[in-house]
Amino acid sequence: MAEKQPTPKEMLDRIDYQPPHVDWMETPLDIRKGMYCYAANPKSVATLGLPNARPWNPLDADWKLPENWQQIIHEGFKERLERFRSVKVFMDICVRCGACADKCHYFIGTGDPKNMPVLRAELLRSVYRNDFTRLGKLLGKANGARPLTLDVLKEWWYYLFQCSECRRCSLFCPYGIDTAEITIFGRELLNLVGLNIDWIATPVSNCYMNGNHLGIQPHAFKDMLDFFVDDIEEKTGVKVAPKYMKKGADILFITPSGDVFADPGTYTAMGYMMLFHYLEEKYGLDVTWSTYASEGGNFGFFTSHETMKRLNAKMYAEAKRLGVKWILGGECGHMWRVINQYMDTMNGPADFLDVPVNPITGTRFESARSTKMVHITEFTADLIRNGKLDLDPARNDHLKVTYHDSCNPSRGMGLFEEPRYVINNVCKHFYEMPANTIREQTFCCGSGAGLNAGENMELRLSGGLPRANAVKHVHEKYGVNMLACVCAIDRAALPTLMDYWVPEVQVTGVHELVANALNLPGQAERTTNLRGEDLEELKAQAEGETDEG
Amino acid sequence: MAEALISLIQKKRATIVSKWFDSTVQAYPHDTAVFLKSQKDQFANPVGSSTRQGIETLMDQLVGEMAPDAIKAGLDPIMRIRAVQSLSPARATTFIFALKQILRELFRKELQEADMARQFFDLEARIDRFALDGFDIYMGCRERVLDLKANEMRNRTFRAFKRAGLVAEGTDNEPKE
Ligand code: SF4
Ligand code: SF4
Chain Z
0 MAEKQPTPKE MLDRIDYQPP HVDWMETPLD IRKGMYCYAA NPKSVATLGL
50 PNARPWNPLD ADWKLPENWQ QIIHEGFKER LERFRSVKVF MDICVRCGAC
100 ADKCHYFIGT GDPKNMPVLR AELLRSVYRN DFTRLGKLLG KANGARPLTL
150 DVLKEWWYYL FQCSECRRCS LFCPYGIDTA EITIFGRELL NLVGLNIDWI
200 ATPVSNCYMN GNHLGIQPHA FKDMLDFFVD DIEEKTGVKV APKYMKKGAD
250 ILFITPSGDV FADPGTYTAM GYMMLFHYLE EKYGLDVTWS TYASEGGNFG
300 FFTSHETMKR LNAKMYAEAK RLGVKWILGG ECGHMWRVIN QYMDTMNGPA
350 DFLDVPVNPI TGTRFESARS TKMVHITEFT ADLIRNGKLD LDPARNDHLK
400 VTYHDSCNPS RGMGLFEEPR YVINNVCKHF YEMPANTIRE QTFCCGSGAG
450 LNAGENMELR LSGGLPRANA VKHVHEKYGV NMLACVCAID RAALPTLMDY
500 WVPEVQVTGV HELVANALNL PGQAERTTNL RGEDLEELKA QAEGETDEG
Chain A
0 MAEALISLIQ KKRATIVSKW FDSTVQAYPH DTAVFLKSQK DQFANPVGSS
50 TRQGIETLMD QLVGEMAPDA IKAGLDPIMR IRAVQSLSPA RATTFIFALK
100 QILRELFRKE LQEADMARQF FDLEARIDRF ALDGFDIYMG CRERVLDLKA
150 NEMRNRTFRA FKRAGLVAEG TDNEPKE
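In order, the protein sequence lines correspond to chains Z and A. The opening position of the first sequence corresponds to residue 0 in numbering that gives the first Met the number 0, with each subsequent residue numbered one higher. The opening position of the second sequence corresponds to residue 0 in numbering that gives the first Met the number 0, with each subsequent residue numbered one higher.
Check the hints yourself; a few may be wrong.
The calculated lysine to aspartate or glutamate pairs, modelled on EDC-like cross-linking and capped at a C-alpha distance of 16 Å, are [what the hints assert, rightly or not]:
hint, chain 1, residue 1, chain 2, residue 2
1, Z, 324, Z, 350
2, Z, 476, Z, 544
3, A, 148, Z, 454
4, Z, 153, Z, 61
5, A, 148, Z, 498
6, Z, 113, A, 30
Hints listed in this document are in silico derivations from the structure and should not be mistaken for laboratory results.
With the rest of the complex left out, here is chain A:
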């Protein structure tokens, strides 16, 4: 385990979280990024607050257990939002890789030591894990959106009509789930 590096990270956690959050909201246009950073009310700013919360959870896991459920809980709200915001999968997940850059810059000096560099390598693998999970969640959300797109209207009206017996049995118009 990368203990020395982890304790370094824990000491600078607040700085890292804040830098990571800033770089994450850079995916949005300038005026939007300003809003996402400044509005602290979670109901007035669900994107900003879910993103911040997600990042905190991921930080916990980065230096902790790497529990799959917790990683998912951290990533899901962020990716779920991005999947409906016309961000490409690459743009939606870039923020995860940005963490490597942030850490590397922050610990530039420390990482010159061979042992620290090795520890950093382990940590990068953890970040890659986040990214892969992030892609999966993003794709899952996209599939859900397409499914809702295709079936919503037919499901609701078709079902009502069918219950009422106003649709002939065995028609092939039946919506697929």
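Isolated chain Z (complex conformation):
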């Protein structure tokens, strides 16, 4: 034999394969590539008027903080404890029972204990005890308290940007502590000293200046929709005619810009346009798009309450300017959390709008009585329920569909049945993922809350593992080949996640499925779907797979 191989014992000795068992506070911070997003571009920070715009690198020792950063954070903490009762309560009442510990997809996927929700919150709580409680001041570490050092601050930044604010953990806490709220609060503090990430700051700045996260200007927005018009005509023989900023329209439609500018969301955007055209032809529905309110998403939500409010304001402002009756919202995730949780009190009340009523069915959307904004799956479900759509689900026959509950519409607004009802009416083959991975207990895509950058791919892929694992299960068990969702971040993030874990499964928005099934008045023979794939071929392929299986 050639060179002698090291014995296993030698190998094991050489590799420190068993990390030492130490208290979490003693575990030094190890900032790893692939787990964090790049620091914010100072230009974007400056555009937004946020503090301490400068280039900095998380891997450098010097984060170029303002000299009095400790004081800034302390005062910011104090101010918010007074302002947000929830934060104060969440700081005080955790009994460290651990019920939330193993419920976070980032902990489950990365295996890093500091991604246990209880420890994520302890990062801030330990400083709270030190700065704001008598016992903490007195007993220090024995009481789980520690002063805010530079290392602690860095740890905040690293782990608060490894939380997608998905709220899954809060479901399991006997006290209802919402770690997502703690992360939101913590990120707001970090922003006070200029610790942001570019994947959030630049979209926010774009949105502030141009109306949407990608910074696409109004004419390009319209160009894109015009292209969809041509594309729809090519595939269906029907020319749809979207309206822009029509004063006095009945309904203003707002969706995340991802639907307009990124695949496969683009097919969902085409789906909305076909649905509106159908409803206009048949029932005279009057819907308008806006290139001003061209973004439903709100990355301001991931920055601070103030920034969220600024970006959200244009929805009501545009509705008011156009004089519409109510607002219809597209398939987005966090947009709905902002609408349901904050918009009404932040930029409302929108007294100038009507309680939404579906003009075609007469259904009054009580759930939107206050916000005046209806989710498109609620709207479409209502149309289907009342027999108002002409559907041919056979065009989706080659699909075996499962549904991912996006964190925000599910846990943030309780939207469970409507998307499923719609899917079941436009597709014949629908399969649920296991119960502890859907509905309230759904697992995050791994890329929420502004974490869907490229550079933190390892975080996204490991954090998305629990979701992907459940998809893999239904793929193997039932042959599922399509993952439906109602969120633009999902449509951007899940294809990549699938690519890595279950490459046989593709991703779609619900209204792409609707549009493929919807018969338009005067349509030509529909030989392809919206993606331009030949329906006969897809069907033959699917049948072949079933035969073999």
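Given the structure of chain Z, go ahead and fit chain A with the ligands onto it with the hints provided.
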């Protein structure tokens, strides 16, 4: 073939699997290892359950056919997870070598016989095969991650814009596959 040793291993299979699994999850911090061992629901604990399943498959092959596809099926889920968990290739594959140590300790007495020792030598070659395949899979996964990192965003938005004819033909910004 190492028949005598194989039948010994088969008799103690449950013990070996459990020891091997325990040592495999030692790659993680203490609290994580405890969770990986104790949570039995495969959807609540995909890392633990994929690891356990992978180990079972590898055990089948160790004492069986050494079928390349089956070995890959056993290793892939474990290495695919480790490739995105910031584990170095060495730390990610150490668990494979640990099997040698486990077997050696378990059969210390038996291995003193010359024939058994020879059989063990064959078996070690099989374990080395696992390790080499493991490295390959790990590296393949890393390449995939880097590829996704580099091309994801450009692919999705660029494609949409290009379809819409909003990008001039022949630009050199086109993402490489
Ligand atoms: S909110 Fe979601 S990402 Fe954040 S700690 Fe809880 S489970 Fe984890
Ligand atoms: S479940 Fe609630 S009380 Fe228990 S550790 Fe988690 S946050 Fe604290």
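Here's how the hints hold up against the structure:
1. The suggested pairing of residue 324 of chain Z with residue 350 of chain Z holds, with an alpha-carbon distance near 11 Å, which does not exceed 16 Å.
2. Restraint check for residue 476 of chain Z and residue 544 of chain Z: the C-alpha separation of about 13 Å stays at or below 16 Å, so the hint holds.
3. The straight-line distance between the Cα atoms of residue 148 of chain A and residue 454 of chain Z is roughly 6 Å, inside the 16 Å bound, and the hint therefore holds.
4. For the given pair, residue 153 of chain Z sits about 11 Å from residue 61 of chain Z by alpha-carbon distance, which is consistent with the 16 Å threshold.
5. Under the criterion of a C-alpha separation no larger than 16 Å, the hint pairing residue 148 of chain A with residue 498 of chain Z is consistent with the structure, at around 12 Å.
6. A distance of roughly 10 Å separates the Cα atoms of residue 113 of chain Z and residue 30 of chain A; the hinted pair therefore holds under the 16 Å criterion.
Figure legend: structure checked against the earlier numbered hints; every hint is met.
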